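Peer 1: Could you build the full structure based on these sequences and the hints that come with them?
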Amino acid sequence: MDKELLIKECEKSAKEIRKDCIRMTYSMGNIGAHIGGSMSLAEIMAVLYKAFVRFDPADPEAESRDRVIMSKGHGAMAMYAGMKQAGIITDDELMTYKKEGTFLYAHPSMNKERGIEFSSGSLGQGLSLGVGVCLGLKRKENNESKVYVILGDGECDEGSVWESAQSAAHFGCSNLVAVVDANKLQYDGPTDDVMRIEPMEAKWNSFGWDAVTVDGHNCKELLDALSAEHDKPLAVIANTVKGKGVSYMEDNPLWHNHNITEQQYNQAMEELENA
Amino acid sequence: MNISKATTRLWSRLGSCGAYGQAMLEMPSIDESMVACTADLCFYSGLDRFSKQFPDRFYNVGIAEQDLVGIGAGLAKEGFNPFVSTYASFATTRALDQVRVSMGYMQLPIKLIGLTSGCSVGILGATHISIEDIAIMRAIPNITVISPADCTETVKAVLALANYDKPVYLRLSGPMNCDIVYPEDYEFEIGKAITVREGGDYAIVACGVMVATALKVADMLAENDGITCKVIDMHTIKPLDKGALDSLRGFKKIITMEEHSVIGGLGAAVAEYISCRDGFPMLKIIGIEDYFAHAAGFDELIDEYGLTAEKAYMRILDK
Chain A
1 MDKELLIKEC EKSAKEIRKD CIRMTYSMGN IGAHIGGSMS LAEIMAVLYK
51 AFVRFDPADP EAESRDRVIM SKGHGAMAMY AGMKQAGIIT DDELMTYKKE
101 GTFLYAHPSM NKERGIEFSS GSLGQGLSLG VGVCLGLKRK ENNESKVYVI
151 LGDGECDEGS VWESAQSAAH FGCSNLVAVV DANKLQYDGP TDDVMRIEPM
201 EAKWNSFGWD AVTVDGHNCK ELLDALSAEH DKPLAVIANT VKGKGVSYME
251 DNPLWHNHNI TEQQYNQAME ELENA
Chain B
1001 MNISKATTRL WSRLGSCGAY GQAMLEMPSI DESMVACTAD LCFYSGLDRF
1051 SKQFPDRFYN VGIAEQDLVG IGAGLAKEGF NPFVSTYASF ATTRALDQVR
1101 VSMGYMQLPI KLIGLTSGCS VGILGATHIS IEDIAIMRAI PNITVISPAD
1151 CTETVKAVLA LANYDKPVYL RLSGPMNCDI VYPEDYEFEI GKAITVREGG
1201 DYAIVACGVM VATALKVADM LAENDGITCK VIDMHTIKPL DKGALDSLRG
1251 FKKIITMEEH SVIGGLGAAV AEYISCRDGF PMLKIIGIED YFAHAAGFDE
1301 LIDEYGLTAE KAYMRILDK
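As given, the protein sequences belong to chains A and B, one line each in that order. The numbering of the first sequence is the numbering used here, which starts it at 1 and goes up by one. The numbering of the second sequence is the numbering used here, which starts it at 1001 and goes up by one.
Calculated directly from the structure, the hints in this document are not laboratory data. What you are looking at is a predicted structure, and each value in this text was computed from that prediction instead of being measured. Glycine is no exception: its CB is placed at the ideal position from the N, C-alpha and C atoms. A portion of the hints provided could be inaccurate.
Selected chain A positions facing chain B (Cβ under 7 Å, derived; list incomplete) [said to hold, decoys possible]:
hint, residue
1, A106
2, M110
3, S122
4, Q125
5, L129
6, V131
7, G132
8, V133
9, L135
10, S164
11, N205
12, S206
13, H258
14, N259
15, E262
Peer 2: Laid out in structure tokens, this is it:
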């Protein structure tokens, strides 16, 4: 596909992902959902699922598939909405999110038939799973599959992230890509206040990765970063805004996990539609 | 794998880690999918020869137990059978969340090998003494928990884990030159307890090094008191062999013996089963009382904990 067209496709998907995240959250009534950190992921998931991840819903366990690991488990809604964009799940299935009998839980639950590679929810575990997968792929001489691990910047407080970052470089996991959704807000407030994680890019580089920082809401920048040739594991630090796309949510820690009223729903959908 | 009186004696001399390493040398020939992972404990895991003989099957992740379990989980997901070894205390506490999510929740078939559990490295102190691992691992759904009675059973258990597609915690314990319960080859099946001594008065259900101790206690009870004991090696603590327990209804007393805390271990597992069923006699749980020991050698700690044959005998008779 023509690159300009692909960028447009990704932008369109990102918009749909955001609207779907709002719909899923609204459908949960008073319970709400992890909306803020899903909205920040929209372009990341759109670009991954539209432009990179090779996954055939008809052959979900194909050896040649790419593996997506949502280490930042509370970003599940954005992943599910991204999977819808890739034709992996339907809209009807999407709207079963968090409801009785669903396979789309608040945090991803491993489902080999539906392309959910691992369960998550307890932060800081996905990257070492990714390293193990990479080692397994190497053992099978599978050089074509890529392993994408999506992390949060707050998640990078976890020491286990850095244990696995170190081992990824040590084991030469060149097919491993970590995308950090750096939305600068964690549960208790700004990452700079709660636990300063900067300088992020320098940290990943010093751990033996190729690291690059991009505007995580710019599909072209994400496409370029994820297309780059790399011999080392690749870390894409995507600067994002938590709650992106809805004025009352943006950069407001209140919206980490919250419900949406009818009025807020209408406003959010209108803002997203007109964006 | 050849198992004879000679290999049994050799493995006993090597201790459980050495026996594990010996068994691992056999594994690639019977399980193409197997790999070994450890956290800077290659030599300690008895994997020195394995790492040289099968370097492409060996992953050393450094001193990073959480990463160790995560990497094992990733390998397991890709169809491999990872044997993941580190100190029992670190495997079951430092990396517990990874163990819980990957082995319990996702049921990824990692074989988690808890090295030098119980008091076998007592001299290294309370950080390395592992008296809670059975309780911890037993409480997590979906994980099989195995505690071999001696080094031959360690080898048998490892061999039984070839091509085994469930998550397992294998608890290795005992000192070098540990007592031999099984002097030659025998039938070992995960989940199936073994009667190592027949008797009619008391039933002793033991695991790990306490199986050998239970046999000594049975000798003492027979000799001094005319009490005959059935001794059961309950090597698989989860799932418990309920059939073996059902057969104990007619006994005068059931005694459990373990080199583990009295909280949550084999005794607790047996109690959970028999206490809500009719017809069972009184249960006495012999294990390590609820405190951290000071650093001391294996024999000293076993004595301090009241787990020598002599002290266990007195405890059984309430003397």
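Peer 1: If a hint holds in the structure, say so; if it does not, say that too.
Peer 2: So, going through the hints one by one against the coordinates:
Interface restraint check: A/A106 against chain B, minimum CB-CB distance 14 Å, threshold 7 Å, status violated. The interface hint given for A/M110 holds, since its Cβ lies 5 Å from the closest Cβ of chain B, which is under the 7 Å cut-off. Because the closest C-beta pair between A/S122 and chain B is about 5 Å apart, less than 7 Å, the hint holds. With its C-beta approaching chain B no nearer than about 6 Å, A/Q125 sits inside the 7 Å limit, and its interface hint holds.
Here the hint on A/L129 is kept, as its CB sits about 5 Å from the closest CB of chain B, short of 7 Å. Using the Cβ-Cβ criterion of 7 Å, the hint placing A/V131 at the interface with chain B is satisfied: the shortest such distance is roughly 5 Å. Because the smallest distance between the Cβ of A/G132 and any Cβ of chain B comes to about 2 Å, under 7 Å, the interface hint for this residue holds. For A/V133, the interface hint holds, the least distance from its beta-carbon to any beta-carbon of chain B being 4 Å, beneath 7 Å.
For A/L135, the shortest C-beta to C-beta distance to chain B is roughly 6 Å, which falls under 7 Å, so the interface hint holds. Taking 7 Å as the C-beta contact cut-off toward chain B, the hint placing A/S164 at the interface holds, the least distance being around 5 Å. Nearest Cβ of chain B to the Cβ of A/N205: about 20 Å, over the 7 Å cut. The hint is violated. With a cut of 7 Å, the hint placing A/S206 at the interface with chain B is violated, because the nearest CB-to-CB distance is about 16 Å.
Taking 7 Å as the C-beta contact cut-off toward chain B, the hint placing A/H258 at the interface is violated, the least distance being around 26 Å. At its closest, the beta carbon of A/N259 sits 27 Å from a beta carbon of chain B; the interface hint therefore is violated under the 7 Å criterion. Violation of the interface hint for A/E262 is found here, the shortest Cβ-Cβ separation to chain B being roughly 36 Å, above the 7 Å cut-off.
Figure legend: structure checked against the earlier numbered hints; hints not met, in rising order: 1, 11, 12, 13, 14 and 15.
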